[in-house]
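Novice: Here the protein sequences come in this chain order: R and P. Start counting the first sequence at 4; every next residue gets the next number (this note's numbering). Start counting the second sequence at 2; every next residue gets the next number (this note's numbering).
Keep in mind the hints are simulated off the structure, nothing from the lab. Honestly, I wouldn't trust all of these hints.
For each label pair, taking beta carbons as the anchor points, the in silico distance ranges come out as [to be verified]:
(1) P/Gly230 x R/Thr256: 50 to 60 Å
(2) R/Ala277 x P/Gln269: 18 to 28 Å
(3) P/Arg292 x R/Leu37: 53 to 63 Å
(4) P/Gly469 x R/Asn114: 18 to 28 Å
(5) R/Lys127 x P/Arg292: 51 to 61 Å
(6) R/Ala277 x P/Asp260: 34 to 44 Å
(7) R/Asp140 x P/Ser444: 51 to 61 Å
(8) P/Pro20 x R/Gly150: 14 to 24 Å
In silico lysine-lysine, DSS-like type, Cα no more than 25 Å apart, as pairs [stated by the list, open to error]:
(9) P/Lys55 x R/Lys142
(10) R/Lys219 x R/Lys244
(11) P/Lys71 x P/Lys185
(12) R/Lys142 x R/Lys127
(13) P/Lys71 x R/Lys125
(14) P/Lys458 x R/Lys125
(15) R/Lys209 x R/Lys244
(16) P/Lys55 x P/Lys71
(17) P/Lys458 x P/Lys5
Some but not every residue of chain R turned toward chain P, in silico, with C-beta under 7 Å [claimed, not checked]:
(18) Arg102
(19) Ser106
(20) Met119
(21) Lys125
Every residue, glycine too, gets a C-beta built ideally from N, C-alpha and C.
So the chains spell out like this:
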Amino acid sequence: MMLSRVADSIYWLNRYIERAENVARFVEVNLNLLMDNPVGVAQQWEPLIAVTGDRLLFQARYGEITSDNVLNFLTFDCDYSNSIISCVRSARENARSVRETISSEMWEQINAFYLMVEDAAKNKPEDIRDIYAFYADVKMASHRFVGVTNATASWNESWHFGRLGRLLERADKTSRILDVKYFLLLPSAKAVGSPLDNLQWISLLKSASAYEMYRKAEHTVTPASVARFLMFNPHFPRSIKFCLCRAEESLRTIARSPEGDPLISERALGKLRAELEYVTFDEIFQQGLHEFLDSLQFRLNQVGEYIYTDFIAPPSVPQPAFSQMQ
Amino acid sequence: MSFKAYDPGDFYDELFTAPGVPRSIATLLIERIESLPIDSLMLRQQAAQHTLFKMGVTFNVYGDAQGAEKVFPFDVVPRVLSGQDWAWLEKGLQQRIRALNCFLDDIYNEQKIIADGVIPRATVESASGFLPPCMGLKPPQGVWCHITGTDLVRDRKGDWFVLEDNLRCPSGVSYVLENRTVMKSSFPSLFEALDIRAVDDYPSQLLSTLRGLAPDNISKPAVVLLTPGAFNSAYFEHSFLAQQMGITLVEGRDLVVDDGYVKMRTTQGLRQVDVIYRRIDDDFLDPQVFRADSTLGIPGLMEVYRQGRVAIANAPGTGIADDKLVYAYVPQMIRYYLDEEQIIPNVPTYFCEDEKQQAHVLANLDSLVVKATDASGGYGMLIGTQSSKAEQAQFAEKIKANPRGYIAQPTLCLSRVPTLIDHSFQGRHVDLRPFILYGRSQSPYVNPGGLTRVALKKDSLVVNSSQGGGSKDTWVVNGP
Numbered sequence: 004m005m006l007s008r009v010a011d012s013i014y015w016l017n018r019y020i021e022r023a024e025n026v027a028r029f030v031e032v033n034l035n036l037l038m039d040n041p042v043g044v045a046q047q048w049e050p051l052i053a054v055t056g057d058r059l060l061f062q063a064r065y066g067e068i069t070s071d072n073v074l075n076f077l078t079f080d081c082d083y084s085n086s087i088i089s090c091v092r093s094a095r096e097n098a099r100s101v102r103e104t105i106s107s108e109m110w111e112q113i114n115a116f117y118l119m120v121e122d123a124a125k126n127k128p129e130d131i132r133d134i135y136a137f138y139a140d141v142k143m144a145s146h147r148f149v150g151v152t153n154a155t156a157s158w159n160e161s162w163h164f165g166r167l168g169r170l171l172e173r174a175d176k177t178s179r180i181l182d183v184k185y186f187l188l189l190p191s192a193k194a195v196g197s198p199l200d201n202l203q204w205i206s207l208l209k210s211a212s213a214y215e216m217y218r219k220a221e222h223t224v225t226p227a228s229v230a231r232f233l234m235f236n237p238h239f240p241r242s243i244k245f246c247l248c249r250a251e252e253s254l255r256t257i258a259r260s261p262e263g264d265p266l267i268s269e270r271a272l273g274k275l276r277a278e279l280e281y282v283t284f285d286e287i288f289q290q291g292l293h294e295f296l297d298s299l300q301f302r303l304n305q306v307g308e309y310i311y312t313d314f315i316a317p318p319s320v321p322q323p324a325f326s327q328m329q
Numbered sequence: 002m003s004f005k006a007y008d009p010g011d012f013y014d015e016l017f018t019a020p021g022v023p024r025s026i027a028t029l030l031i032e033r034i035e036s037l038p039i040d041s042l043m044l045r046q047q048a049a050q051h052t053l054f055k056m057g058v059t060f061n062v063y064g065d066a067q068g069a070e071k072v073f074p075f076d077v078v079p080r081v082l083s084g085q086d087w088a089w090l091e092k093g094l095q096q097r098i099r100a101l102n103c104f105l106d107d108i109y110n111e112q113k114i115i116a117d118g119v120i121p122r123a124t125v126e127s128a129s130g131f132l133p134p135c136m137g138l139k140p141p142q143g144v145w146c147h148i149t150g151t152d153l154v155r156d157r158k159g160d161w162f163v164l165e166d167n168l169r170c171p172s173g174v175s176y177v178l179e180n181r182t183v184m185k186s187s188f189p190s191l192f193e194a195l196d197i198r199a200v201d202d203y204p205s206q207l208l209s210t211l212r213g214l215a216p217d218n219i220s221k222p223a224v225v226l227l228t229p230g231a232f233n234s235a236y237f238e239h240s241f242l243a244q245q246m247g248i249t250l251v252e253g254r255d256l257v258v259d260d261g262y263v264k265m266r267t268t269q270g271l272r273q274v275d276v277i278y279r280r281i282d283d284d285f286l287d288p289q290v291f292r293a294d295s296t297l298g299i300p301g302l303m304e305v306y307r308q309g310r311v312a313i314a315n316a317p318g319t320g321i322a323d324d325k326l327v328y329a330y331v332p333q334m335i336r337y338y339l340d341e342e343q344i345i346p347n348v349p350t351y352f353c354e355d356e357k358q359q360a361h362v363l364a365n366l367d368s369l370v371v372k373a374t375d376a377s378g379g380y381g382m383l384i385g386t387q388s389s390k391a392e393q394a395q396f397a398e399k400i401k402a403n404p405r406g407y408i409a410q411p412t413l414c415l416s417r418v419p420t421l422i423d424h425s426f427q428g429r430h431v432d433l434r435p436f437i438l439y440g441r442s443q444s445p446y447v448n449p450g451g452l453t454r455v456a457l458k459k460d461s462l463v464v465n466s467s468q469g470g471g472s473k474d475t476w477v478v479n480g481p
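Bound conformation, chain R alone:
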């Protein structure tokens, strides 16, 4: 049993860190890909905006899609709530407000992460593409935070809220990366199987840090097997199924519902996980991969909303005038 407000902060600080990590990973891979790509493939920057789902916002703030605009938007734009800097700031604010409930190592790590990002923002190079190494630092800082959390925090309700937030975020981001890239990676039938095509699929795998593990599990690169790996592989920590299974475990631990009487958030997440568990790839392609992933994202959002009403702000209890939805 813990304070609702504290659970909410732990859940969100973990989501924000995971979000920052995913942005960094995706940007890094695309920067990498650009260096391999022949001149002329200019749509390279568009998918990065598409993945965020914030295209309209980007257009309103920047207008034209250029490498500079996109990188600034995603990395250092303080007025964009899902930029790396905004996510890390939000994570730190949440951590600060519940500092006494997290270990000192966790706090120190978040603080160090924050200082690193703030420093990079202050010392931006002329050509923003020169901060390539920064994205690797962001990923490492996120990994360090998770490592420190797992090593120093009790694996109790608080820890489970953190894991729940992190994994729901990860499932969402993996599905978006897959969704966007999948359809953009097939420019024409002629290109299938060509070196360019392969490069693109490999980049998609790298966007999810999945390339090496993929190679161990599958030996050739085909669109279907890549999609299958990222959605269904039971062992790979960034696959959607992996995330949903572990998230469900944490949610069950938190809810402690009696047998046969789950909370609505448990029902929603359970159903979603079961679908990932038992749906066949053919069934997905019949429905349409894009539609499937779109629906997954929608249902993940719903799970998030149910978590809020089950644990943080139950409608039956009068809420304070100043609750914060994040």
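Based on these hints, arrange chain P on the given structure of chain R.
Specialist: Frame of chain R, contents of chain P only:
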């Protein structure tokens, strides 16, 4: 590093009786410091500051441009008190708290002390901390001031005085505890060699005091610490104490009055709260009773408190004893309620409401200390000897406009302790804030020593953290 060049000057020095002559309780300490090369001492100082910063022992200064967290500067040279001095101070503080508690209980109930003409009704009712909604309240065991921080000073001759009482939300004990932790790693051999009274018992004593406030029929009382939140200047202390006691740190929005009880919002639904250690000013506790615009408190809290269904420490209403004019009557309170003479004297105080005294004050602004009766944190004060004519004129106007709002006291020349300033030892003025707990047991518990606050600016007499002060560890040493 040597104290050869250190001159205690024309002040009471806590560690030296004369240049080069340490007090007997400080001899071993001085020897140890002198045996350390300057670099080693500076290193220990820096390490101590760094540890405190990493631990998060910080505070936020209101109105400071930087806003964010600052370390409360820490000086590695401790202040040392003898066991005998301490025993006397302890008795004096216990006496004072008992009398203040009687006063609070009386003033919010029968008001016998007013009826018997010991303190004027007008004085009590004009105190900004006097809260009419608290009339008739009967807190558990009749205890109002569970946690008090009383500020003590020594004058040039080494005589002790009580400077003021802080009975609302006194802060600083977390620095006492963390400073001691840091000192133990700076001077481990001294802790072995000397018999220094431990301070670490405070959190247990505090928890036991708080638990003791719950109604008898509750075997496992739910105790919480109510904080205004992470942006409050003393937030570190709130979270530190909650952690040390193993209780939940809550903000107003985590609590709600439901079905006649105070409950906290948890992931498993509402849970009853039995005792609230509140670090929020009375005014903000309950928007239904006090300030309606407060977002920090709990609507309906006072009604639950009145019904005896939740205990609050310190009890709402104690702020009246923080009033500096009411402070001036403490010797009379001790006589009236305990039939004893005050052990630790008050600083002589001039009442600006009295015509003759006001005239004297106005004529001597350049040598007196004038304080606003409802101020704290070192704000609203004029130190005559260090003020300009313009500042004095300003205060004169304020006094004439609102005589009840000001008192004046002779400038005490506070005692000093050698302090490490820029690679040398220099004397800096200090005060002492011991922390006193009062609960179910007969005698108030006084934590050995307390927070020594030091005015880091040369010649400054203002020790508050908000005004450039720092702190030192305080050692109560049982004599050689």
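Novice: None of the hints should be skipped; say for each whether it holds.
Specialist: Each hint, compared with the structure:
no.: 1; hint: P/Gly230 x R/Thr256: 50 to 60 Å; verdict: violated, 29 Å
no.: 2; hint: R/Ala277 x P/Gln269: 18 to 28 Å; verdict: holds, 26 Å
no.: 3; hint: P/Arg292 x R/Leu37: 53 to 63 Å; verdict: holds, 59 Å
no.: 4; hint: P/Gly469 x R/Asn114: 18 to 28 Å; verdict: holds, 26 Å
no.: 5; hint: R/Lys127 x P/Arg292: 51 to 61 Å; verdict: violated, 46 Å
no.: 6; hint: R/Ala277 x P/Asp260: 34 to 44 Å; verdict: holds, 39 Å
no.: 7; hint: R/Asp140 x P/Ser444: 51 to 61 Å; verdict: holds, 58 Å
no.: 8; hint: P/Pro20 x R/Gly150: 14 to 24 Å; verdict: violated, 56 Å
no.: 9; hint: P/Lys55 x R/Lys142; verdict: holds, 24 Å
no.: 10; hint: R/Lys219 x R/Lys244; verdict: holds, 18 Å
no.: 11; hint: P/Lys71 x P/Lys185; verdict: holds, 23 Å
no.: 12; hint: R/Lys142 x R/Lys127; verdict: holds, 18 Å
no.: 13; hint: P/Lys71 x R/Lys125; verdict: holds, 22 Å
no.: 14; hint: P/Lys458 x R/Lys125; verdict: violated, 34 Å
no.: 15; hint: R/Lys209 x R/Lys244; verdict: holds, 18 Å
no.: 16; hint: P/Lys55 x P/Lys71; verdict: holds, 11 Å
no.: 17; hint: P/Lys458 x P/Lys5; verdict: holds, 22 Å
no.: 18; hint: Arg102; verdict: holds, 6 Å
no.: 19; hint: Ser106; verdict: violated, 11 Å
no.: 20; hint: Met119; verdict: violated, 17 Å
no.: 21; hint: Lys125; verdict: violated, 16 Å
Hint compliance for this structure: hints 1, 5, 8, 14, 19, 20 and 21 are broken, all remaining hints hold.
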